[in-house]
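Protein chains in written order, with the numbering used here: chain Y, 215 to 555; chain Z, 215 to 555.
Because the hints were derived from the structure by calculation, they are not lab data. The structure presented is a predicted model; accordingly, all values stated were derived computationally and were not measured. Worth double-checking, as some hints may not be accurate.
Which copy is meant is left open, so a pair is good if it fits within one copy or across any two.
[Stated by the list, open to error] Pairs of lysine to any residue residues, derived as SDA-like cross-links and limited to a Cα-Cα distance of at most 20 Å, are as follows:
| id | residue 1 | residue 2 |
| --- | --- | --- |
| 1 | 284 | 509 |
| 2 | 419 | 493 |
| 3 | 516 | 289 |
| 4 | 429 | 356 |
| 5 | 419 | 219 |
| 6 | 475 | 394 |
| 7 | 546 | 390 |
| 8 | 284 | 404 |
| 9 | 408 | 238 |
| 10 | 429 | 519 |
| 11 | 516 | 238 |
| 12 | 233 | 518 |
| 13 | 546 | 272 |
| 14 | 546 | 216 |
| 15 | 516 | 292 |
| 16 | 408 | 477 |
Protein chains: 2
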Amino acid sequence: MSVLQGSVEQLIPRYLEGKDYSAIAVIADKNTRKHCYPKVKELLPRHLLITVQDGEEYKNLDSCTIIWNKLTEAEFDRHALVIDLGGGVIGDMGGFCASTYKRGIDFIQVPTTLLAQVDASVGGKLGIDFQGFKNHIGVFTQPRAVLIDPAFLATLPERELRSGFAEVIKHCLIRDRAMWNRIRRIELEDMPLKELISHSVETKKAVVTEDPTEKGLRKILNFGHTIGHAVETFYLDKDRLLHGEAIAIGMICESYIAYSKGMLSEAELAEIEEYIFSVYGAVRLDPQDFPAIIALTGQDKKNRGNSVRAALLNGIGDCSYDIVLSRQDILKSLKYYCGIL
Amino acid sequence: MSVLQGSVEQLIPRYLEGKDYSAIAVIADKNTRKHCYPKVKELLPRHLLITVQDGEEYKNLDSCTIIWNKLTEAEFDRHALVIDLGGGVIGDMGGFCASTYKRGIDFIQVPTTLLAQVDASVGGKLGIDFQGFKNHIGVFTQPRAVLIDPAFLATLPERELRSGFAEVIKHCLIRDRAMWNRIRRIELEDMPLKELISHSVETKKAVVTEDPTEKGLRKILNFGHTIGHAVETFYLDKDRLLHGEAIAIGMICESYIAYSKGMLSEAELAEIEEYIFSVYGAVRLDPQDFPAIIALTGQDKKNRGNSVRAALLNGIGDCSYDIVLSRQDILKSLKYYCGIL
């Protein structure tokens, strides 16, 4: 898994050097077509541009059908390359389409959001949503390369940047106490982003290399996501929360559960909670929605049979996985988050 | 890749022994539901039966959506098992659905046709047809096991058996002169099927193990298929040819091309042609259809750019791959097949 950070002006020509692709397609959404594609276009030989609708609600089979159709119409063969230019939706869906087209052609990820740069583009998890379930249909396939250009982040709204930062926080909390101590003393606008991107990528790579298909250790990357995904899915059709905003809620809830199980100290819980609230504020959740959110945790892919399993902190910088959560655990943690416990 | 031959009464319980699946689904079509499922049903703990429409025309995304939906509704988690009970369509599509559901769950192949037993179930090629192109969307994923019970063949119409036999012929032609000499002296109804199934499985396994994702050697398994697939696809909506019937045509055409390129002797071509015509008869092709058939060879997954590449015999029992075919080569071979050259 080759993950490189730099400018696309250097990285893309270097990747293509000596390779003999029969055709190249760039998959973008309307945003990246406007803000990122002009820069990439100049660096490529003749190619096909495929633009898909923007947003998680289009990460589905219909969009895949459009992509597969375009590749077929352009008579792409097995020696072609797909370049995913965008955030997590483009990377997950474009990668899935490439790795199933004619049973798999080469693809590279060029992530353009902080979330995709520090998380989604690394690790080979690909897929689409199905019947309201996130990433329900997909495969594990490593991209040929991940090319990360932090310059793309300049085009990003501040809210998107903040959302992506949740995964940076997560990587510190599960593996690196020292880095956690550093970031929580810096204002968001002063963060050394290039360094933090490298830190996140290295953290994730180390975990994924050890366990590519999530049989064990890789599950720690799911910290904050068991409850966070359920919250995100619940609010998909309503006032939408961005992925990282939902994961921020999940990290507080799951830290509370770890505390209630005696795994995390009260001081550590306070430290986590204080920092995350300071970055993301407190989202108002309606206790009437809790049963539906709890039900959604039942569809997490890391579960086994009827029991919900989560990755919980043993302390800041140390994480365990496969810990069974009861409905009561989850309910109490949501109440705690809302300050009504 | 574990491929076992025997009775399902022995093979299925042996496979399940010591495994702790959270749920099991059997995927069948209407035929195998009626003729094969009753035997399998008794051997399994509580499970879900998913029945899909019978036939290649249903090997598509709509049928996958039905299968994914059934697994989702039954809350199958990642520790579940899918059993594909049927011919090539069920194996290819059921395997594809299993290996993309929640990014991949275990599946085993229980092939019930000769074609699936000697070919489709072995080797991990999975997928569905898309916009009229065969196996256009799919993945390479090995099943946990392939369990072959020749007793299922007793329920098969003679035409289906004859069709599957084309892959046995192919395996002899590409790798085993001695076995070729044996089979062409035996009447079809006297064939030692169990032995030939093992022979085909061993031949295919050896090739696939060396080259699982078809970068090189595996392409020899495509002998007869470059033209055969095009003929099969062309007649899909019309008087349908079974897969093996089309491959029989393809093997004669491609043997003729090998002869015309000086790779195969005239005597060998005569031997191949005589035997295949004796088993399958001569199909009447309409020369008006040749341009369309030739165009369809352009979509073969083994091609590169605009050139059509095929596996051709260097002699009986020896096969090369990646040999470029011109339109003229293909046209002449189709004329030769029809006796109008």
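Quick rundown of the hints versus the structure:
Taking identical chains as interchangeable, the C-alpha atoms of residue 284 and residue 509 lie at most 20 Å apart only when they sit on different chains, with a minimum of 19 Å there against 38 Å within one chain. In this assembly of identical chains, residue 419 and residue 493 lie within 20 Å of each other by CA distance neither inside one copy nor across copies; the values are 26 Å within and 56 Å between. Taking the closest pair of Cα atoms, residue 516 and residue 289 come within 20 Å of each other only across two copies (13 Å); inside a single copy the shortest separation is 38 Å, beyond that limit. In this assembly of identical chains, the alpha carbons of residue 429 and residue 356 lie at most 20 Å apart whether taken from the same copy (16 Å) or from different copies (17 Å).
For the identical chains of this complex, residue 419 and residue 219 are intra-copy neighbours only, at 14 Å inside a copy versus 41 Å across copies, given an alpha-carbon limit of 20 Å. Neither within a single protomer nor between protomers do residue 475 and residue 394 lie at most 20 Å apart by alpha-carbon distance, with minima of 22 Å and 69 Å respectively. When the C-alpha separation of residue 546 and residue 390 is checked against a cutoff of 20 Å, the pair qualifies neither within a copy, at 28 Å, nor between copies, at 68 Å. Neither within a single protomer nor between protomers do residue 284 and residue 404 lie at most 20 Å apart by alpha-carbon distance, with minima of 43 Å and 50 Å respectively.
Taking the shortest alpha-carbon separations for residue 408 and residue 238, neither the intra-copy value of 29 Å nor the inter-copy value of 47 Å comes in at or below 20 Å. Taking the shortest alpha-carbon separations for residue 429 and residue 519, only the intra-copy value of 15 Å comes in at or below 20 Å, while the best inter-copy value is 39 Å. Proximity of residue 516 to residue 238 under the C-alpha cut-off of 20 Å is restricted to the inter-copy arrangement: shortest distance 18 Å between copies versus 35 Å within a copy. Proximity of residue 233 and residue 518 under a CA criterion of 20 Å is satisfied inter-copy only: 14 Å between copies versus 43 Å inside one chain copy.
Taking CA atoms no more than 20 Å apart as the test, residue 546 paired with residue 272 passes in neither setting, with 34 Å inside one copy and 48 Å between copies. Proximity of residue 546 to residue 216 under the C-alpha cut-off of 20 Å is found in neither arrangement, the shortest distances being 42 Å within a copy and 48 Å between copies. When the C-alpha separation of residue 516 and residue 292 is checked against a cutoff of 20 Å, the pair qualifies only between copies, where the shortest distance is 7 Å, while the shortest distance within a copy is 33 Å. Taking CA atoms no more than 20 Å apart as the test, residue 408 paired with residue 477 passes in neither setting, with 32 Å inside one copy and 59 Å between copies.
Consistency with the previously given hints fails for numbers 2, 6, 7, 8, 9, 13, 14 and 16, ordered from lowest to highest.
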